[in-house]
Amino acid sequence: MEEKIREIMQVVFDQDLSEFTVEDIAPKNLPQWDSLAHLNLITSLEQVLEVEFELDDMATMMEGLASILKTLEKYQ
Amino acid sequence: MSRSYFHDLEDYIIQLAQEEMIGDFMQFIALNLNKNNPLAHSKEFIDKQFYNKSRHNYNILLAREKQSGEIIGIIAFVDSAFYDNASDKNNFVWLTNWLVKKPAYPTVGLSLLDSVFKYAQKINIGTVGNNEIAGAIYKAMRFTTGQLLQFFMVNRQMDCFSLIQNYKESYKTLPGSSACPYDLCIAKPSDLDAIHNDNIIIKTKAYFINKYYKNPFYKYTLYVVRKEGRPQCLLVMRTDSYEGARALRIVDFWGSPDCLRHVHPAFQQLLVEQSAEYVDFYCHGIDPEILMQAGFSQNTMDTNLVVPCYFEPFCPVNVKINFAYKLQGNQHFTVFKGDGDRDFPRIIKKGL
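One line per chain: the protein sequences are Z and E, in this order. Take the first sequence: its position 8, counting from 1, is numbered 8 in my numbering, and each next residue is one higher. Take the second sequence: its position 178, counting from 1, is numbered 178 in my numbering, and each next residue is one higher.
Hints should not be assumed to be uniformly reliable.
Straight-line distance between alpha carbons at most 30 angstroms, and here's what the computed DSSO-like set of lysine-lysine pairs gives [stated by the list, open to error]:
(1) E:Lys101 with E:Lys43
(2) Z:Lys4 with E:Lys139
(3) Z:Lys70 with E:Lys118
(4) E:Lys66 with Z:Lys28
(5) E:Lys43 with E:Lys53
(6) Z:Lys74 with E:Lys326
(7) E:Lys101 with Z:Lys28
(8) E:Lys102 with Z:Lys28
(9) Z:Lys28 with E:Lys53
(10) E:Lys118 with Z:Lys74
(11) E:Lys139 with Z:Lys70
If you want the ones that stay clear, here's a sample from chain E, every Cβ over 10 angstroms from chain Z, calculated [to be verified]:
(12) Tyr51
(13) Tyr83
(14) Pro106
(15) Thr107
(16) Ser111
(17) Leu113
(18) Ala140
(19) Thr145
(20) Cys160
(21) Glu169
(22) Pro181
(23) Asn197
(24) Cys259
(25) Thr300
Just so you know, these hints were derived from the structure itself, not from any lab. Small disclaimer: the values here were computed from a predicted structure and weren't measured. Positions of the beta carbon are idealized from the N, C-alpha and C atoms, including for glycine.
In isolation and in its complexed conformation, chain Z is listed as follows (with noise of 0.2 angstroms):
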């Protein structure tokens, strides 16, 4: 699941994440994370994994990829 992750995140924010770890994935470190490219992602990540995110988990992903693989866990 991480790495399909990474494979979207790499996309919409057209940046080769391999080097950075689960927790370095975070908007602090990456500038193009901003509102609206979450929201690209988040749409990009309900297509490809067929899930329609709440509100509120669309809001705590927001923290970086650790916290989306934790949310993830839910809608399995």
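Got chain Z sorted already, so can you dock chain E onto it with the hints?
For chain E alone, coordinates are given in the frame of chain Z:
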């Protein structure tokens, strides 16, 4: 809502604006939006729009950088209880201003929005007048998004117009028989109790009185359509003018739209009495066929026709007004220019 912080994040906090923070808020608006915006220079205007008398603070959330204390983003809102705190139908929150300092912490905008969601909990939420970027965000969050339709009716006794540009006779929709039992007159307070509506937003008598009758910035007139003496619907209107030419603006509506089919003669009489060029009506959720039957035309904004919206200062351009909302059910929903705080003055007279 008793917590002073909604979010305590790594780099910034989000908190409700308190009395002593309004100076910083005004400065933020001046620096990041427009120093001429009333929010940048009129505390009386801010108090009127956002001061929550029951909580003794403001319906404004501030994002503040922890290290510097600097405001890096704001979001303001109005809930149903703002104009009628006795109502037990506090079921809607209108987002009004949403602004983030650039460059800022990347997701501060969404954090602010999320904080309002937490405030609103499971009630309904919407906005009028959002920009395209915000619209994309709302759409991604599965809000219903769109643009208000602008309908207008010209004064048929006028041959030339100075406000409307490139008007052609073909826009005139001639309604059917004018002989009907409906009339349009200024509403009495008792009329406000007699009008029913199945819209999810509950607008009460106190709502109309506090928002419109007691408005310190604009003079609104509330009209009621009666059928055989019985109130059917309410129209909230005000006048805009430029160099002596006048326009009537319908900014809010309450009741059954069906009765509007019959109001063409009454509107024509009103336009003549007021010496107004036209009356316009920005709305979503009212069947266009009803308004066409009433003698309104739609400004589709894809021709050279211009039906002005901005008068402070006057600007002869068409204005598209976006909206977005998210409901807790699948109800029919209407939106008007006066919802939220979209119908607010851009120029505040000195002393206010």
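Query raised in the report: Against the structure shown, which of the earlier numbered hints fail to hold, in ascending order?
Result: 9, 14, 15, 16, 17 and 18
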